Amino acid sequence: MSGHSRKEDEVRRMLDLPHPKVPVDLTARASAHGTRLLNRRRTWRLLLWLLVTVAVVAFTVWASAAEPWTVPPSDTTPPLEGW
Amino acid sequence: MRERRQAGADRRRAREFEAFVAGAAGRLLHVATLLTGEPAGATPHAERLLTAALARAYADWDRLRDADPYDRVRTELATRYARGAWRLPRSGEGLLGRLGPRERLILVLRLYEGVAEEQTAALLGLPVERVRAICARAVTAMRRPAPARRPAPHWPLSLLSPHSRQAAR
Chain A
11 MSGHSRKEDE VRRMLDLPHP KVPVDLTARA SAHGTRLLNR RRTWRLLLWL
61 LVTVAVVAFT VWASAAEPWT VPPSDTTPPL EGW
Chain B
58 MRERRQAGAD RRRAREFEAF VAGAAGRLLH VATLLTGEPA GATPHAERLL
108 TAALARAYAD WDRLRDADPY DRVRTELATR YARGAWRLPR SGEGLLGRLG
158 PRERLILVLR LYEGVAEEQT AALLGLPVER VRAICARAVT AMRRPAPARR
208 PAPHWPLSLL SPHSRQAAR
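If you're matching them up, the sequences are chains A and B in order. First residue of the first sequence? That's 11 in the numbering used here, and the numbers climb one at a time after it. First residue of the second sequence? That's 58 in the numbering used here, and the numbers climb one at a time after it.
What the hints contain is simulated information worked out from the structure, not anything from laboratory work. Being a predicted model, the structure only gives us computed values, none of them experimental. Here a beta-carbon is modelled for each residue, glycine too, at the ideal position from N, C-alpha and C. Check each hint, because a few of them may be wrong.
Said to hold, decoys possible - Below, computed lysine to any residue pairings styled on SDA-like, alpha-carbon distance capped at 20 Å: (1) Lys31/A - Ala76/B; (2) Lys31/A - Val196/B; (3) Lys17/A - Ala79/B; (4) Lys31/A - Ala193/B; (5) Lys17/A - Lys31/A; (6) Lys17/A - Pro96/B; (7) Lys31/A - Ala79/B; (8) Lys31/A - Gly98/B; (9) Lys17/A - Cys192/B; (10) Lys17/A - Ala76/B; (11) Lys17/A - Gly171/B; (12) Lys31/A - Pro96/B; (13) Lys31/A - Ala173/B; (14) Lys17/A - Glu186/B; (15) Lys31/A - Ala178/B; (16) Lys17/A - Gly98/B; (17) Lys31/A - Thr197/B; (18) Lys17/A - Arg189/B; (19) Lys17/A - Leu214/B; (20) Lys17/A - Ala190/B.
Claimed, not checked - Listed next, the stretches of chain B that the computed footprint assigns to chain A, with coverage defined by at least 3 CB atoms under 8 Å from CB atoms of chain A: (21) 96 to 108; (22) 114 to 120.
The following block holds chain A by itself, in its conformation from the complex:
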């Protein structure tokens, strides 16, 4: 074994202490916080979908009313030539 990994093993043993006592309500606290995060995420997703839906509906209504694909009638008549 090289000296380097022997030194690392020594430090590893220093770190390997008995685990601290876990508070009894840790799971409850973490899952409550996690549920809040989940709900917030769901709310944001819902809002985003709502926004997309409103945008699509608004665009459809505007497009069917304005019909931007039709060529506007021209204001000028073509020049009259060769008669």
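Knowing the structure of chain A, use the given hints to seat chain B on it.
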């Protein structure tokens, strides 16, 4: 229909999460305590760090699929610590008290958790050589005998130390 499925998913997630925490919380809290350098028995910062990391894992639980939740929580713990270490009180106490936040983090990830050099480097956004060098430096620092505490200075000089200045006020 959809709500019933949702409730079923919530129950399953809660059950799996509880089993995971029961098995892994002791080791994870030890990791967090090594990072914050708090004495055993009074670890509010480590507990807060771990609770936040676990909450994130809980929220991501359904998307984890085949990923190991332990890895996920450890990564979250490390990034949260790296981001917020400056806010923790620097006591200089504890087992890793003489190391800086980055040295602590790398030492714990590499030696205690056995994370590969490449993964540690990717996690912290550092080159692999840098991680190796910091780890070696931390190992050397840990093996040096603890520096002897300097005795408190006597009267005229004691006025210069911030602690006594506060006490005199």
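Taking the hints in turn, this is what the structure says about them:
Pair hint Lys31/A plus Ala76/B holds up; C-alpha atoms about 17 Å apart against a cutoff of 20 Å. Among the hinted pairs, Lys31/A with Val196/B is inconsistent with the structure: their alpha-carbon atoms are about 27 Å apart, more than 20 Å. Between Lys17/A and Ala79/B, the direct Cα distance comes to roughly 33 Å. Violation of the 20 Å bound is thereby established for this hinted pair. Taken as a hint, the Lys31/A and Ala193/B pair is broken in the structure, with Cα atoms around 31 Å apart against an allowance of 20 Å.
The straight-line distance between the Cα atoms of Lys17/A and Lys31/A is roughly 29 Å, outside the 20 Å bound, and the hint therefore fails. Our distance criterion of 20 Å between C-alpha atoms is broken by Lys17/A and Pro96/B, whose separation comes to about 25 Å. Between Lys31/A and Ala79/B the CA atoms are separated by roughly 12 Å; this keeps the pair inside 20 Å, and the hint holds. For the suggested pair Lys31/A and Gly98/B, the alpha carbons sit about 7 Å apart, so the restraint of at most 20 Å is met.
The hinted pair formed by Lys17/A and Cys192/B meets the criterion: a straight-line CA distance of about 11 Å does not exceed 20 Å. Straight-line distance between C-alpha atoms of Lys17/A and Ala76/B comes to about 36 Å, which puts the hinted pair past the 20 Å bound. Distance restraint check for Lys17/A and Gly171/B: the Cα-Cα separation of roughly 15 Å lies within the 20 Å cut-off, and the hinted pair is therefore satisfied. Using a Cα cut-off of 20 Å, the hinted pair Lys31/A and Pro96/B holds, with the two alpha carbons roughly 12 Å apart.
Annotation: proposed proximity of Lys31/A to Ala173/B is violated, straight-line Cα distance about 28 Å (limit 20 Å). Under the criterion of a C-alpha separation no larger than 20 Å, the hint pairing Lys17/A with Glu186/B is consistent with the structure, at around 19 Å. In summary, the hint linking Lys31/A to Ala178/B is not supported, as the alpha carbons are separated by about 31 Å, beyond the 20 Å threshold. Between Lys17/A and Gly98/B the alpha-carbon distance is near 29 Å, which puts this suggested pair outside the 20 Å criterion.
Restraint check for Lys31/A and Thr197/B: not satisfied, since their Cα atoms lie roughly 30 Å apart, outside the 20 Å limit. Proximity of Lys17/A to Arg189/B is assessed by CA-CA distance (about 14 Å); at most 20 Å being required, the pair is judged to hold. With a C-alpha separation of about 40 Å, the suggested pair Lys17/A and Leu214/B falls outside the 20 Å cut-off, and the hint is violated. Between Lys17/A and Ala190/B, the direct Cα distance comes to roughly 14 Å. Compliance with the 20 Å bound is thereby established for this hinted pair.
Only residues whose C-beta sits within less than 8 Å of a C-beta in chain A count toward coverage, and the segment 96 to 108 of chain B has 7 of them, enough to reach three; the restraint holds. Counting residues of the segment 114 to 120 of chain B whose CB falls under 8 Å from any CB of chain A gives 4; the rule of at least 3 is met.
Violated hints, in rising order: 2, 3, 4, 5, 6, 10, 13, 15, 16, 17 and 19; the structure is consistent with all others.
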